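Chemist: We have chain A; now place chain B onto it with these hints.
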Amino acid sequence: MTEANGALGEDGQEPSRRDFIYIAAGGMAAVGGGLVVWPFIDQMNPAADTLALGSIRVDVSQLLPGSEMTVMWRGAPVFIRHRTEEEIAEARNVELSDLPDQDARNENAGMEGVPAIDANRVLRSEFLIVKGNCTHLGCVPTSQETNAGGEYDAWYCPCHGSHYDKSARIRRGPAPENLPVPDYFFETEAVVKLGLSDDESAIAGWTVA
Amino acid sequence: MSGPSTYEPKSGFTRWLDSRLPIIRLGWDSFVDFPTPRNLNYWWTFGGILAVFLVIQIVTGIILAMHYVPHELYAFDSVERIRRDVNYGWMIQSMHANGASFFFVAVYLHMFRGLYYGSYKAPREVLWILGVVIYLLMMATAFMGYVLPWGQMSYWGAIVITNLVAAVPFVGDAIREWLWGGFSVGQSTLNRFFSLHYLLPFIIAGVVGLHIWALHVPGNGNPVGLEARKGDDNKKDTLPFHPYYTVKDAFAILVYLMVFCVFVFFLPNVLGHADNFIEANPLSTPAHIVPEWYFLPFYAILRAVTFDIGPIDAKLGGVLAMFGAIAILFVLPWLDTSKVRSMRYRPLTRWFFGFFVVAALGLGWCGAKNPDDYVLGMTGFKFLYLGQFLTLYYFAYFLVILPVMGIVEKPKKRPASIEAAVLGTA
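Those protein sequence lines, which keep their order, are chains A and B.
Under my numbering, the first residue of the first sequence is numbered 9, with each subsequent residue one higher.
Under my numbering, the first residue of the second sequence is numbered 76, with each subsequent residue one higher.
Chain A extracted, bound-state conformation (with noise of 0.2 Å):
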């Protein structure tokens, strides 16, 4: 310390060279220290290969109109639903101050925070593809398919009693979020890809509506 802005120790002393190297030599140590332990830590999260299988297909031309199915994403399920024109018109029909979640929870590039509308859900209005895990705790919602689709005969999570509507939004029960829409792009008419790398985002045609 100069003694331009030396300010005294408890003791009425200048703060010494052996106070310096003191304090040097303790965040040293701690840096060093969490640079140690960092590896430790950072070896749970997903490994390069769980990473690597973080992409699939999926053929949906045979999928018909009013029929859904449950493809697994990463360990965790993804529902494909091939909505019909009522089902669209249903999901276009709700006032977004009606919504709970009015953020529309899509991950994919350039969507991020953009309103719960359902043209912000879906890359082709007819295909609505989201995460099927509910937001609450996990459990996997059951369908209409199923005739337990709930209130909006949609979606409903049977654990704790969350309604979700025709564009998997929640409207009702613990659930805080709608249903996350994950990064995906139709590489051919029939063939959707789930995971994208940079460049297929770049070209998925994601457009805020």
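Derived from the structure by calculation, the hints contain no laboratory data.
In this text, all values refer to a predicted model and were calculated from it rather than measured experimentally.
Residues from chain A that face chain B, not an exhaustive set, calculated with beta carbons under 10 Å:
{"no.": "1", "residue": "141"}
{"no.": "2", "residue": "144"}
{"no.": "3", "residue": "146"}
Estimated spans, in silico, between C-beta atoms of each pair:
{"no.": "4", "chain 1": "A", "residue 1": "110", "chain 2": "B", "residue 2": "278", "range": "40 to 50 Å"}
{"no.": "5", "chain 1": "A", "residue 1": "80", "chain 2": "B", "residue 2": "322", "range": "54 to 64 Å"}
{"no.": "6", "chain 1": "A", "residue 1": "51", "chain 2": "B", "residue 2": "146", "range": "12 to 22 Å"}
{"no.": "7", "chain 1": "B", "residue 1": "160", "chain 2": "A", "residue 2": "80", "range": "23 to 33 Å"}
{"no.": "8", "chain 1": "A", "residue 1": "65", "chain 2": "B", "residue 2": "336", "range": "52 to 62 Å"}
{"no.": "9", "chain 1": "B", "residue 1": "266", "chain 2": "A", "residue 2": "65", "range": "24 to 34 Å"}
Built from N, CA and C at the ideal position, the CB exists for glycine as well.
Modeler: Chain B only, in chain A's frame:
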């Protein structure tokens, strides 16, 4: 240890050892000539019972680990193989699974004993806090152990509990992915849970050592809540641990083990859940996900918060309430303002305590039920509402009743000493 050591090495070898590593002296002073209040009742035997069950769980667990395969494709089958094909595997697996339940029965009785007789009060605050640490470690161990058989309840219980972490603001999703080691509960999760499930019991054993150390500084509490007198009167208030309490503990341990054997041999699956005999399926959620019985009260508290509290949404609120229900035990020694330890001499508070026990059991009942079902068929009175009322009482007991009663309650006259209480000459 209280008082000077009375150990006298008898042989040449023990004298030689005692001057180098006085380990026999430590054992003697801790478990043979340890002065123990002469009025301990059977509620004081659960500490010994718990020690026995920690050993049972570790021994059976090490054996099961010789046959278990921590892989998402083989785990379920390997447990079934243990139950059917491994020599005596049916018995050892049953001991381990039911042992967990009996471990928790004993720990809950041990904790209620502490709450009733004021065992958490000065000078035993650290002893109590170490006990709460052991309880938390037990919960983590039991949760991860229940995941290992990789049945439907294992898997979906793991999904629900790990999803609680996502309620943490901002970093919740990142922590959840870190816990999972993937994008969902899967192979990485199972493998690390196995590793930690093997590790934690040894950590528990270490903290149990500290717990006993902290016990042996002030010595045992007792039902009248008076400290044993020092000096010459000490002998009138206490008995040596051996043979008086070694025999009493051994008798209680045997009775408890007999009940344990009834479950192990005749009712091995009664405490389990039928859905856990179905292999884990990430695409199909069981109709009702319920935790093991020993977590039900906390599950009910988790689900009781169905409303937002200011900036805290219902989900985070439920998680905070659930962890708060345990965290509050850490500060209990400073919440109870009464100087009187034993509820025997607290005529009002003991009624509040009685209802606290009822509330804890009632919360367990709520946790087992669908929150939208009606209590005893009474239309309109949902289990949700009962759970909310009991949750309120649970917190009120610690935050309102105990602090206030210590000030307003007039305690009954206490005996002059432990000796006087035993001889009835108070």
